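Heads up: the protein sequence lines correspond to chains S and R, in order. Just remember that our numbering sits 17 ahead of the position in the first sequence, which is counted from 1. Just remember that our numbering sits 273 ahead of the position in the second sequence, which is counted from 1.
Hints are computed from structural coordinates only; laboratory data are not their basis. Check each hint, because a few of them may be wrong.
Simulated DEER-style distance windows between Cβ atoms [what the hints assert, rightly or not]:
(1) R:GLN370 with S:GLN28: 44 to 52 Å
(2) S:ARG25 with R:THR400: 33 to 41 Å
(3) S:LYS22 with R:ALA425: 14 to 22 Å
(4) R:GLY293 with S:ALA126: 53 to 61 Å
(5) S:LEU60 with R:LEU332: 40 to 48 Å
(6) R:LEU422 with S:VAL20: 16 to 24 Å
(7) S:ILE216 with R:GLU280: 13 to 21 Å
(8) S:GLY74 with R:ASN292: 51 to 59 Å
If you want the footprint, here are the derived chain R segments under chain S, 3+ residues with CB under 8 Å [stated by the list, open to error]:
(9) 302–315
(10) 335–347
(11) 350–362
(12) 407–417
(13) 441–452
Please read these numbers as outputs of a predicted model, since none were measured by experiment. Don't be surprised by glycine CBs; every beta carbon is placed ideally from N, CA and C.
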Amino acid sequence: MGVRKTERLVQELARDPAAVRRIPRLRVVALVLTAGALCLAALVVAALGLRPDVRAGTASASYLGIVAGLGLFSLGGLATALGASVPGRELLARVGLAALAAALAIWMAALFAQLGGGARLGPLDGAWLRTSARCLLIATGVGLLPALALLRFVGSAFAVNPRVAVGVGAAGMVAFGSLSVHLTCSADEILHVASAHLIGPLVMGTLLGLLLGVARRVDPIPRA
Amino acid sequence: MSDERPEASWGAWLAAAQNGDAAAYERLLVALLPALRGFVTSRLGDPSTVEDVVQNVLLSIHRARHTYRPERPFEPWFWTIARNAITDAQRLRSKRQRREEPLDDLEIAGDGEREIEAALPLSTGMTRALAALPDSQRQAVELLHVQQLSVAEAAALVGVTPGALKVRAHRGYRALRGILGERPD
Numbered sequence: 018m019g020v021r022k023t024e025r026l027v028q029e030l031a032r033d034p035a036a037v038r039r040i041p042r043l044r045v046v047a048l049v050l051t052a053g054a055l056c057l058a059a060l061v062v063a064a065l066g067l068r069p070d071v072r073a074g075t076a077s078a079s080y081l082g083i084v085a086g087l088g089l090f091s092l093g094g095l096a097t098a099l100g101a102s103v104p105g106r107e108l109l110a111r112v113g114l115a116a117l118a119a120a121l122a123i124w125m126a127a128l129f130a131q132l133g134g135g136a137r138l139g140p141l142d143g144a145w146l147r148t149s150a151r152c153l154l155i156a157t158g159v160g161l162l163p164a165l166a167l168l169r170f171v172g173s174a175f176a177v178n179p180r181v182a183v184g185v186g187a188a189g190m191v192a193f194g195s196l197s198v199h200l201t202c203s204a205d206e207i208l209h210v211a212s213a214h215l216i217g218p219l220v221m222g223t224l225l226g227l228l229l230g231v232a233r234r235v236d237p238i239p240r241a
Numbered sequence: 274m275s276d277e278r279p280e281a282s283w284g285a286w287l288a289a290a291q292n293g294d295a296a297a298y299e300r301l302l303v304a305l306l307p308a309l310r311g312f313v314t315s316r317l318g319d320p321s322t323v324e325d326v327v328q329n330v331l332l333s334i335h336r337a338r339h340t341y342r343p344e345r346p347f348e349p350w351f352w353t354i355a356r357n358a359i360t361d362a363q364r365l366r367s368k369r370q371r372r373e374e375p376l377d378d379l380e381i382a383g384d385g386e387r388e389i390e391a392a393l394p395l396s397t398g399m400t401r402a403l404a405a406l407p408d409s410q411r412q413a414v415e416l417l418h419v420q421q422l423s424v425a426e427a428a429a430l431v432g433v434t435p436g437a438l439k440v441r442a443h444r445g446y447r448a449l450r451g452i453l454g455e456r457p458d
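Turn these sequences into a full structure, and let the hints steer you where they fit.
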């Protein structure tokens, strides 16, 4: 009974031979999204100005470690999202996840190095709240447009793991925004950097991705 | 050296199907079936759900066919879709198992069956009571106790899982007790 149904299904599917438009190469999608996100980040840097120590080339190694970690997180998030959006690209998704883990390890090491180097944890007062909210908003704002573009691609592809694709992908795009914030914000207090440049934007990005993914109905493989 | 395996043509057939070639598409889907059935059977073990999963994979291939790029190998693309459909089926099965109560636990099997049969011979009253049941419950009770089919046979005939059929039958027994004046449970 079931076998006959399967054969009928094959015939029905073959009767719908409409030509389809292939998705673009993932390499092209990655390049376009990275270039777009970097342009937006560059605009923010141009508007707010680089930190004096970065401009003078005297930034500490731990500071540069956080910058490198943000770059790695952005690219890792993008690779994970693209790899999870197309069947058969698990390796790319795994490489992306490894990059995310490496970025987190770099951040932890850099923050501990800063703590060891005598950096302040920072006061948790109104000023901290205002500065952190500002940094968080800029990072999320910069990442919003590339995140939407990425979600559009994920929605048009065939996400093997839609939640990972939209959540991690959007977090990666927001990390580009964090990069611009970290290059321009002079506040070095550990709590501010951790909450407003690293963890906060990534949590915001993940939530944003999941919400927009639900709103755009990024659809998983049909259920049995 | 060129690849002589039959699988070597699959990617080319899908690429042709992407351009609207119906014959290549049908050739591909037919060629995939034996390998796909074997793969699904080896992973699921439950023959009653194999064809459902195979059909889901075919539908997924149809929906995802625009994501295949001819410069990349076909097989990882195809097996990922198949693996995901199997994972979905396994999730669905465990969800169903959590929702459904085994018939034995409900004290319906064994002595319970004999009790019902003894108390409720297929009389006019019983016929009338059976007629009052919802279609799905009446069908389950009739297949198991009038036609004396096994749960697996009855489930295959109705096109549901054995667990679902047991639940339908259990609800039918409970409703019959109620209709015939016994305390339901």
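Against the structure, the hints:
1. R:GLN370 with S:GLN28: 44 to 52 Å: violated, 34 Å
2. S:ARG25 with R:THR400: 33 to 41 Å: Since the Cβ atoms of ARG25 (chain S) and THR400 (chain R) sit about 37 Å apart, the hinted range of 33 to 41 Å holds.
3. S:LYS22 with R:ALA425: 14 to 22 Å: holds, 19 Å
4. R:GLY293 with S:ALA126: 53 to 61 Å: holds, 54 Å
5. S:LEU60 with R:LEU332: 40 to 48 Å: holds, 44 Å
6. R:LEU422 with S:VAL20: 16 to 24 Å: holds, 21 Å
7. S:ILE216 with R:GLU280: 13 to 21 Å: violated, 46 Å
8. S:GLY74 with R:ASN292: 51 to 59 Å: For GLY74 (chain S) and ASN292 (chain R) the Cβ distance comes to about 55 Å; the hint holds.
9. 302–315: Satisfied; 3 residues make the cut.
10. 335–347: Since 10 is at least three, the answer is holds.
11. 350–362: holds (count 9)
12. 407–417: Answer violated; 0 residues pass the 8 Å Cβ test.
13. 441–452: With 0 residues closer than 8 Å to chain S, the segment 441–452 of chain R misses the three-residue bar; violated.
In terms of the numbered hints stated before, the structure departs from hints 1, 7, 12, 13, listed from lowest to highest.
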